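> Sequence:
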Amino acid sequence: MRSVTFLIASGMFMLALATSALVVLPFLQLHELKPLPGLKPYTAAELRGRQVYISNGCIYCHSQQPRDAAFAPDAKRGWGRASVAADYYYDHPHLLGTMRTGPDLFNIGARQPSADWHLGHLYQPRAYVAQSIMPSYPYLFDVKDAADQGDRVVTLPPGAAPAGKVVVATPDALDLVAYLKSLDHTYAAIAAPGGEASKAAKPVAAN
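Take 200 as the starting number for the sequence shown in my numbering and just add one per residue.
Derived by calculation from the structure, the hints in this document are not laboratory data. Any given hint could turn out to be false.
[What the hints assert, rightly or not] Derived DSBU-like pairs: lysine-lysine, alpha-carbon spacing no greater than 35 Å straight-line:
1. Lys343 to Lys364
2. Lys233 to Lys275
3. Lys380 to Lys233
4. Lys380 to Lys364
5. Lys239 to Lys364
6. Lys380 to Lys275
7. Lys239 to Lys275
8. Lys380 to Lys343
[Said to hold, decoys possible] The following label-pair restraints were derived from C-beta to C-beta distances:
9. Ala359 to Pro312: 44 to 50 Å
10. Ser202 to Asp290: 44 to 50 Å
11. Asp344 to Pro312: 50 to 56 Å
12. Tyr289 to Asp267: 47 to 53 Å
13. Trp316 to Ser209: 43 to 49 Å
14. Gln330 to Pro272: 16 to 22 Å
15. Gly210 to Pro370: 48 to 54 Å
16. Ile253 to Ser335: 38 to 44 Å
17. Gln348 to Ala268: 49 to 55 Å
18. Gln348 to Ile389: 45 to 51 Å
This structure is a prediction, so every number in the text was calculated from the model and none was measured. All C-beta atoms in this analysis are idealised placements derived from N, C-alpha and C, irrespective of residue type, glycine included.
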């Protein structure tokens, strides 16, 4: 009987310890976190684009968390400074990602601010990066004989558009690009209590 009681008590103690380490301590550290100067709330279009990003599984190939130079050469890759908790103040849920089949997108809006580039790259990635393994997203676009008034025609490299046709971005494509362009964290960062602040880093051109 004593051994059973001891086993139960030990299990409860370990559960309490794990809860303290994984829930309580982070909460005490981060519950008063404020958005950093330079971090802007998402617009309605950017929030819709964020949902397009999620629904198309972009998080499974792209991270949004550059690491410290002590762990990875992310800054040298042009992905920017190491991220801090306050960078994700407006992200519910966060989209940190764990895979890097493609480049980190934490600062893609700074690396590549051109909406035309993003639209074309979504339609046909290999027209922009020959060795890209990223899938194309043709269902985010309409192919027409001629553009209608108000259409956003995608400017593509020669040979990327179907002959005699125009490629028009759908609202989902435009919203997704708005979200990607919003990913610019090149401002200076202040770490949470007990952490180390990160300085602003200027990303290099998109890859």
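> None of the hints should be skipped; say for each whether it holds.
Here is how each hint holds up against the structure:
{"no.": "1", "hint": "Lys343 to Lys364", "result": "6 Å, holds"}
{"no.": "2", "hint": "Lys233 to Lys275", "result": "28 Å, holds"}
{"no.": "3", "hint": "Lys380 to Lys233", "result": "23 Å, holds"}
{"no.": "4", "hint": "Lys380 to Lys364", "result": "27 Å, holds"}
{"no.": "5", "hint": "Lys239 to Lys364", "result": "38 Å, violated"}
{"no.": "6", "hint": "Lys380 to Lys275", "result": "21 Å, holds"}
{"no.": "7", "hint": "Lys239 to Lys275", "result": "26 Å, holds"}
{"no.": "8", "hint": "Lys380 to Lys343", "result": "26 Å, holds"}
{"no.": "9", "hint": "Ala359 to Pro312: 44 to 50 Å", "result": "21 Å, violated"}
{"no.": "10", "hint": "Ser202 to Asp290: 44 to 50 Å", "result": "47 Å, holds"}
{"no.": "11", "hint": "Asp344 to Pro312: 50 to 56 Å", "result": "31 Å, violated"}
{"no.": "12", "hint": "Tyr289 to Asp267: 47 to 53 Å", "result": "23 Å, violated"}
{"no.": "13", "hint": "Trp316 to Ser209: 43 to 49 Å", "result": "58 Å, violated"}
{"no.": "14", "hint": "Gln330 to Pro272: 16 to 22 Å", "result": "20 Å, holds"}
{"no.": "15", "hint": "Gly210 to Pro370: 48 to 54 Å", "result": "52 Å, holds"}
{"no.": "16", "hint": "Ile253 to Ser335: 38 to 44 Å", "result": "19 Å, violated"}
{"no.": "17", "hint": "Gln348 to Ala268: 49 to 55 Å", "result": "51 Å, holds"}
{"no.": "18", "hint": "Gln348 to Ile389: 45 to 51 Å", "result": "48 Å, holds"}
Checked against the numbered hints listed earlier, the structure breaks hints 5, 9, 11, 12, 13 and 16; every other hint is satisfied.
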